[in-house]
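K.L.:
Let the sequences and hints guide you as you build the complete structure.
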Amino acid sequence: MKLITKTTIAIIMIASMLIICGCGSSKPGTVAPIKEKSYDPALEARIAQAMANDSTKSDRPDNLPPDMFKRLPEFPKDFYQIRTLVRTGRITDFANLEERYWMQPEFFPNFEEIGVPLLSHPPENRWGAYGIAVYPADMVSTIEQGKSLDTYFFIKSNYLVETYQGVNLIPIYPSHTAIQSGFELPDGSKEVKQNSSIVKDYFDVKVEPNPFILEPNFPIYNINGTRKIKMTITVKENTPPGEYVVGLDTGTVPESYEQQWLKAYLNLYTSGGMTKIERPYYQAFVQVVERQ
Amino acid sequence: MKRKTTIALVAIALLLVPVVWALSTTTQVHFVINSVAAYTLTLPGTSATNANGTGAPTADIEFTSATGTDTNIEAHVVSGNWQNSTTPIFLFDNTGTVNLNISVVLNATTRPCINFTGDTTYASAGNGTVIGTGAVTVINNFGPSDTAQSWYMQADFSACNTGDNSVRQLTSSGVQS
Numbered sequence: 000m001k002l003i004t005k006t007t008i009a010i011i012m013i014a015s016m017l018i019i020c021g022c023g024s025s026k027p028g029t030v031a032p033i034k035e036k037s038y039d040p041a042l043e044a045r046i047a048q049a050m051a052n053d054s055t056k057s058d059r060p061d062n063l064p065p066d067m068f069k070r071l072p073e074f075p076k077d078f079y080q081i082r083t084l085v086r087t088g089r090i091t092d093f094a095n096l097e098e099r100y101w102m103q104p105e106f107f108p109n110f111e112e113i114g115v116p117l118l119s120h121p122p123e124n125r126w127g128a129y130g131i132a133v134y135p136a137d138m139v140s141t142i143e144q145g146k147s148l149d150t151y152f153f154i155k156s157n158y159l160v161e162t163y164q165g166v167n168l169i170p171i172y173p174s175h176t177a178i179q180s181g182f183e184l185p186d187g188s189k190e191v192k193q194n195s196s197i198v199k200d201y202f203d204v205k206v207e208p209n210p211f212i213l214e215p216n217f218p219i220y221n222i223n224g225t226r227k228i229k230m231t232i233t234v235k236e237n238t239p240p241g242e243y244v245v246g247l248d249t250g251t252v253p254e255s256y257e258q259q260w261l262k263a264y265l266n267l268y269t270s271g272g273m274t275k276i277e278r279p280y281y282q283a284f285v286q287v288v289e290r291q
Numbered sequence: 000m001k002r003k004t005t006i007a008l009v010a011i012a013l014l015l016v017p018v019v020w021a022l023s024t025t026t027q028v029h030f031v032i033n034s035v036a037a038y039t040l041t042l043p044g045t046s047a048t049n050a051n052g053t054g055a056p057t058a059d060i061e062f063t064s065a066t067g068t069d070t071n072i073e074a075h076v077v078s079g080n081w082q083n084s085t086t087p088i089f090l091f092d093n094t095g096t097v098n099l100n101i102s103v104v105l106n107a108t109t110r111p112c113i114n115f116t117g118d119t120t121y122a123s124a125g126n127g128t129v130i131g132t133g134a135v136t137v138i139n140n141f142g143p144s145d146t147a148q149s150w151y152m153q154a155d156f157s158a159c160n161t162g163d164n165s166v167r168q169l170t171s172s173g174v175q176s
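Sequences listed follow chains X and G, in order.
Residue numbers for the first sequence, in numbering that gives the first Met the number 0: 0 to 291.
Residue numbers for the second sequence, in numbering that gives the first Met the number 0: 0 to 176.
Calculated from the structure, these hints are not laboratory results.
Predicted, not measured: the structure shown is a model, and the values here were computed from it.
Positions of the beta carbon are idealized from the N, C-alpha and C atoms, including for glycine.
There may be inaccurate statements among the hints.
What the hints assert, rightly or not - Computed spacing ranges between beta-carbons, pair by pair:
(1) G:Trp-81 with X:Lys-34: 53 to 61 angstroms
(2) X:Asp-58 with G:Gly-133: 48 to 56 angstroms
(3) X:Asn-194 with G:Asp-69: 28 to 36 angstroms
(4) G:Trp-81 with X:Lys-205: 39 to 47 angstroms
(5) G:Asn-98 with X:Lys-76: 45 to 53 angstroms
As the list claims (entries may be wrong) - Among the chain X residues that face chain G by a calculated CB cut under 7 angstroms, a handful are:
(6) Trp-126
(7) Ala-128
(8) Ala-132
(9) Val-133
(10) Pro-135
(11) Asp-137
(12) Val-139
(13) Asn-157
(14) Gln-179
(15) Thr-269
(16) Tyr-280
P.N.:
Shown next as structure tokens:
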């Protein structure tokens, strides 16, 4: 009896440790946690199939000159598996996702469909002057009154762009935003209407790094041609519960940085603010709930 | 034995505390959408890196009037190539996953002696929409698989003098449609 009790306690303790440490399953080469939540079986089967297909691909396809990527981290053997886990929502912890994955241009959707054709046959009489890309561009979250949330996304110098772009991200609060088709907000709605001048006082937003330089990604991909951005959203105590959109857009680069970068990059410097998307480059749909 | 069991149970309870907390937190990311907001804007010329005896192209564009009274002056890249009937000053590529409404706008009004216009065709650029501090549409519902979108710009100068030299930031912007 004594032995059984001790054994039971030991098993429970070990199980508890495994749950807390997240050591219950093996995972690929990222420390970013992979959701164990079970989804629709048909979807899970499709994901498993995609993962199996990915495991047969471990190298970058030979559709562009290897020298284009020589300044990037080595292409991970499990890149395509990790990419599938990101795209299917099994990895959302971008804080822990290593740069050897997100710095690869294939990490961004549409690289094979749009990027490769543009890069493999660049126009002979034109050159890329401006352009940035943000992925993911939309995120849905819930934050308690008075609490903060760190969220991450990736921003890169877009295809063909040869300039050094100074970028300064500023928070904006669009008056009307619809969530992408096929998705809905936690309360079931599909759009957010808000009074921008009031809502701006409900949040504190911090962006790191900011401002920053995006180095060119053409004709050679550079380490700082793609960056991981951390956005910390803090909901003030007096914010009424409801659905909001906190966006990030490009704004004017502070003059001190502008001058510093102009001297460093000369005619190849331009301000990212010259080309911007009026829809926020990054949109955080935030459901604010009462403090527990 | 009772003491050992009590210690073990307390240890288990302490270990489970973080798990309970994790389940009850309401500050979290529900999901991210595989969307990309992006476009590339190209200018005429071969490369920005071709700095040589004829100049070093920049990402700026300008309109130059020799006499102060000229019509249909073409846009050109500072120290770079000029727009012509087959080469638009701007060419937009939507490389993201969402449709965009693209427009251009100036950050300040032009000098009164300058009339600055644009259009998606060269033939209409001189009589196109006046570009000022209000957004001018280049294209609406511009999809990722659509062909690149041209934008031509010209300027008319009427009795301008050297004091009318001015610098304006032309912003091209896209709105998700």
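K.L.:
All hints, please: hold or fail.
P.N.:
Hint-by-hint comparison with the structure:
no.: 1; hint: G:Trp-81 with X:Lys-34: 53 to 61 angstroms; in the structure: holds, 54 angstroms
no.: 2; hint: X:Asp-58 with G:Gly-133: 48 to 56 angstroms; in the structure: holds, 51 angstroms
no.: 3; hint: X:Asn-194 with G:Asp-69: 28 to 36 angstroms; in the structure: violated, 47 angstroms
no.: 4; hint: G:Trp-81 with X:Lys-205: 39 to 47 angstroms; in the structure: holds, 44 angstroms
no.: 5; hint: G:Asn-98 with X:Lys-76: 45 to 53 angstroms; in the structure: violated, 36 angstroms
no.: 6; hint: Trp-126; in the structure: holds, 5 angstroms
no.: 7; hint: Ala-128; in the structure: holds, 4 angstroms
no.: 8; hint: Ala-132; in the structure: holds, 3 angstroms
no.: 9; hint: Val-133; in the structure: holds, 5 angstroms
no.: 10; hint: Pro-135; in the structure: holds, 4 angstroms
no.: 11; hint: Asp-137; in the structure: holds, 4 angstroms
no.: 12; hint: Val-139; in the structure: holds, 5 angstroms
no.: 13; hint: Asn-157; in the structure: holds, 5 angstroms
no.: 14; hint: Gln-179; in the structure: holds, 5 angstroms
no.: 15; hint: Thr-269; in the structure: holds, 4 angstroms
no.: 16; hint: Tyr-280; in the structure: holds, 5 angstroms
Checked against the numbered hints given earlier, this structure breaks hints 3, 5; the rest are met.
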